[in-house]
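Now for the letters of each chain:
There are 2 protein chains.
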Amino acid sequence: MEILVTNDDGIYAEGIFALSRALKKCGRVTVVAPDTERSAVGHAITLSDPLRVTEVRRNGAFFGYAASGTPADCVKLAIRSIMKKKPDLVFSGINLGANMGYNVLYSGTVSGATEGALLGIPSIAISLATFVDPDFAAAAAFARKTASAAAKNGLPPGALLNINVPALPAGKITGVSVTRQSRSLFTDRFDRRTDPHGRTYYWLTGSLNRDGAPADSDTAAVARGSISVTPLQFDLTDEKLLGNLANWKFK
Amino acid sequence: MEILVTNDDGIYAEGIFALSRALKKCGRVTVVAPDTERSAVGHAITLSDPLRVTEVRRNGAFFGYAASGTPADCVKLAIRSIMKKKPDLVFSGINLGANMGYNVLYSGTVSGATEGALLGIPSIAISLATFVDPDFAAAAAFARKTASAAAKNGLPPGALLNINVPALPAGKITGVSVTRQSRSLFTDRFDRRTDPHGRTYYWLTGSLNRDGAPADSDTAAVARGSISVTPLQFDLTDEKLLGNLANWKFK
Numbered sequence: 001m002e003i004l005v006t007n008d009d010g011i012y013a014e015g016i017f018a019l020s021r022a023l024k025k026c027g028r029v030t031v032v033a034p035d036t037e038r039s040a041v042g043h044a045i046t047l048s049d050p051l052r053v054t055e056v057r058r059n060g061a062f063f064g065y066a067a068s069g070t071p072a073d074c075v076k077l078a079i080r081s082i083m084k085k086k087p088d089l090v091f092s093g094i095n096l097g098a099n100m101g102y103n104v105l106y107s108g109t110v111s112g113a114t115e116g117a118l119l120g121i122p123s124i125a126i127s128l129a130t131f132v133d134p135d136f137a138a139a140a141a142f143a144r145k146t147a148s149a150a151a152k153n154g155l156p157p158g159a160l161l162n163i164n165v166p167a168l169p170a171g172k173i174t175g176v177s178v179t180r181q182s183r184s185l186f187t188d189r190f191d192r193r194t195d196p197h198g199r200t201y202y203w204l205t206g207s208l209n210r211d212g213a214p215a216d217s218d219t220a221a222v223a224r225g226s227i228s229v230t231p232l233q234f235d236l237t238d239e240k241l242l243g244n245l246a247n248w249k250f251k
Numbered sequence: 001m002e003i004l005v006t007n008d009d010g011i012y013a014e015g016i017f018a019l020s021r022a023l024k025k026c027g028r029v030t031v032v033a034p035d036t037e038r039s040a041v042g043h044a045i046t047l048s049d050p051l052r053v054t055e056v057r058r059n060g061a062f063f064g065y066a067a068s069g070t071p072a073d074c075v076k077l078a079i080r081s082i083m084k085k086k087p088d089l090v091f092s093g094i095n096l097g098a099n100m101g102y103n104v105l106y107s108g109t110v111s112g113a114t115e116g117a118l119l120g121i122p123s124i125a126i127s128l129a130t131f132v133d134p135d136f137a138a139a140a141a142f143a144r145k146t147a148s149a150a151a152k153n154g155l156p157p158g159a160l161l162n163i164n165v166p167a168l169p170a171g172k173i174t175g176v177s178v179t180r181q182s183r184s185l186f187t188d189r190f191d192r193r194t195d196p197h198g199r200t201y202y203w204l205t206g207s208l209n210r211d212g213a214p215a216d217s218d219t220a221a222v223a224r225g226s227i228s229v230t231p232l233q234f235d236l237t238d239e240k241l242l243g244n245l246a247n248w249k250f251k
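Quick mapping for you: the protein sequence lines, in order, are chains A and B.
FYI, in my numbering the residues of the first sequence are 1 to 251.
FYI, in my numbering the residues of the second sequence are 1 to 251.
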């Protein structure tokens with residue numbers, strides 16, 4: 001199995017190192033990842049600047065390719081210009097912090113997998129639900145299991161699995177739940193400050209609002225200590241509103 | 001009606017000027033837009049840098065607020081920190097270039113409207129299907145009609161309409177079609193070059209692939225000279241795959 005690995009925390013992050021090491025047990029791994037952290041970039045691509053690619057070593061051996069772009073850029077570059085063979089699977093992560101609910105729209109990690117899916121390759125995003133003291137062992141082990149399960153069961157071209165792993169030791173994880181995307185979202189606010197030159201600036205901050213997270217959702221699964229696996233697709237058409245709009249008159 | 005206007009081509013673009021002028025006939029308009037072009041930023045937000053806001057004049061009068069962020073940042077800032085009253089409608093555009101099919105995922109214009117929708121406000125993205133010699137008159141007139149129709153028919157909180165206007169004189173536009181999102185996508189490739197210092201760099205380029213655009217889709221409507229109105233939503237759960245995954249064993 002040919003596996004492309006990317007992330008949004010950058011090629012030097014611990015999470016992508018743990019992921020690529022685990023996936024080497026399932027196939028040939030190519031790492032193409034941003035040269036610096038690109039969190040919350042959404043599904044951005046770089047049109048106005050050229051992209052540069054450099055080879056990166058970690059622990060004394062060749063590790064992968066760092067690109068001066070976003071996760072979506074990295075996946076495009078890998079598939080169009082770096083890999084000799086189209087990958088069978090794209091894996092993005094392991095992200096520091098969960099990507100669930102409507103927040104997946106902001107996620108560079110999910111975006112890396114989205115780009116793979118749009119290019120017709122089964123793709124998987126994996127995130128660990130903590131920002132502090134991450135232990136990637138359980139998530140890395142589950143990534144390997146998912147790659148095996150995908151090879152065995154077959155994932156259709158363009159499928160995307162969004163995986164979130166609770167920040168618990170492997171023995172404390174309560175199971176695996178196949179879930180729906182919740183409607184949970186950050187409630188953001190702006191911290192208004194004045195710089196040393198008397199000018200105003202704003203910092204975006206906020207906290208996760210867990211409303212809109214029924215028991216069968218990603219957010220609820222992780223809250224009860226379960227690994228969450230959510231299949232995502234990208235036809236955003238609002239079927240409910242489609243019928244109503246047919247009666248509108250635009251004048 | 002309180003209307004927030006943003007875009008991704010930046011506050012000095014002609015499209016946002018035409019849009020805000022047209023919408024002033026329907027209500028009170030507040031413009032908060034990026035200080036420079038932010039195309040193809042997807043649903044990015046700015047977490048690692050502070051945001052600055054400056055007041056911008058155009059044609060000798062106060063026009064709006066320029067922010068050092070993405071369209072999603074602008075909408076968050078406007079609603080949380082700039083506008084005294086929550087808007088009744090968020091409008092994003094008029095974009096230079098269509099935003100249809102899977103390409104909406106890359107769009108800063110659609111992302112501005114998405115942020116409004118996630119904050120519970122009916123939101124509309126509007127794009128003109130050309131990159132050259134734009135005439136925004138027909139699109140601006142249709143934006144005004146859509147705002148009136150939304151006020152009359154009511155749009156649910158969180159609804160998003162993605163409008164694409166063909167680049168034709170008003171008299172040549174064949175009608176208005178309520179459509180589904182197509183699966184059309186750019187087929188991208190990388191132009192590999194060498195800089196004056198002998199180092200390799202890549203430019204992303206490509207062309208629109210119109211496959212996956214049935215007659216009831218956004219792409220097909222614009223191709224036949226009709227204005228396309230596509231309702232979008234952001235629950236990405238893949239219902240088809242959800243059932244299959246329940247039978248997977250992760251081991």
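There's no promise every hint is true.
For identical chains, the list gives no copy identity; a pair is met inside one copy or between any two copies.
Each computed PhoX-like pair below joins lysine-lysine, with the alpha-carbon atoms no more than 20 Å apart [as the list claims (entries may be wrong)]:
#1 Lys249 <-> Lys152
#2 Lys86 <-> Lys251
#3 Lys145 <-> Lys251
#4 Lys84 <-> Lys240
#5 Lys251 <-> Lys24
#6 Lys172 <-> Lys84
#7 Lys172 <-> Lys86
#8 Lys152 <-> Lys84
#9 Lys85 <-> Lys24
#10 Lys84 <-> Lys145
#11 Lys172 <-> Lys251
What the hints contain is simulated information worked out from the structure, not anything from laboratory work.
Now for the hints, and whether the structure bears them out:
For the identical chains of this complex, lysine 249 and lysine 152 are inter-copy neighbours only, at 10 Å across copies versus 52 Å inside a copy, given an alpha-carbon limit of 20 Å. Taking identical chains as interchangeable, the C-alpha atoms of lysine 86 and lysine 251 are never at most 20 Å apart, the minima being 50 Å within one chain and 26 Å between chains. In the homo-oligomer, the alpha carbons of lysine 145 and lysine 251 lie at most 20 Å apart only across protomers (5 Å), although the nearest pairing inside one protomer, at 56 Å, exceeds that limit. Taking CA atoms no more than 20 Å apart as the test, lysine 84 paired with lysine 240 passes in neither setting, with 44 Å inside one copy and 32 Å between copies.
Taking the shortest alpha-carbon separations for lysine 251 and lysine 24, only the inter-copy value of 16 Å comes in at or below 20 Å, while the best intra-copy value is 60 Å. Taking the shortest Cα distances, lysine 172 and lysine 84 never come within 20 Å of each other, neither inside one copy (41 Å) nor across copies (48 Å). For the identical chains of this complex, lysine 172 and lysine 86 are neighbours neither inside a copy (37 Å) nor across copies (44 Å), given an alpha-carbon limit of 20 Å. Proximity of lysine 152 and lysine 84 under a CA criterion of 20 Å is satisfied in neither setting, with 24 Å inside one chain copy and 56 Å between copies.
In this assembly of identical chains, lysine 85 and lysine 24 lie within 20 Å of each other by CA distance solely inside one copy; the values are 17 Å within and 54 Å between copies. Taking the closest pair of Cα atoms, lysine 84 and lysine 145 never come within 20 Å of each other, the shortest separation being 26 Å inside a single copy and 51 Å across copies. In this assembly of identical chains, the alpha carbons of lysine 172 and lysine 251 lie at most 20 Å apart only when taken from different copies (17 Å versus 60 Å within one copy).
Consistency note: the structure conflicts with the earlier hints numbered 2, 4, 6, 7, 8, 10.
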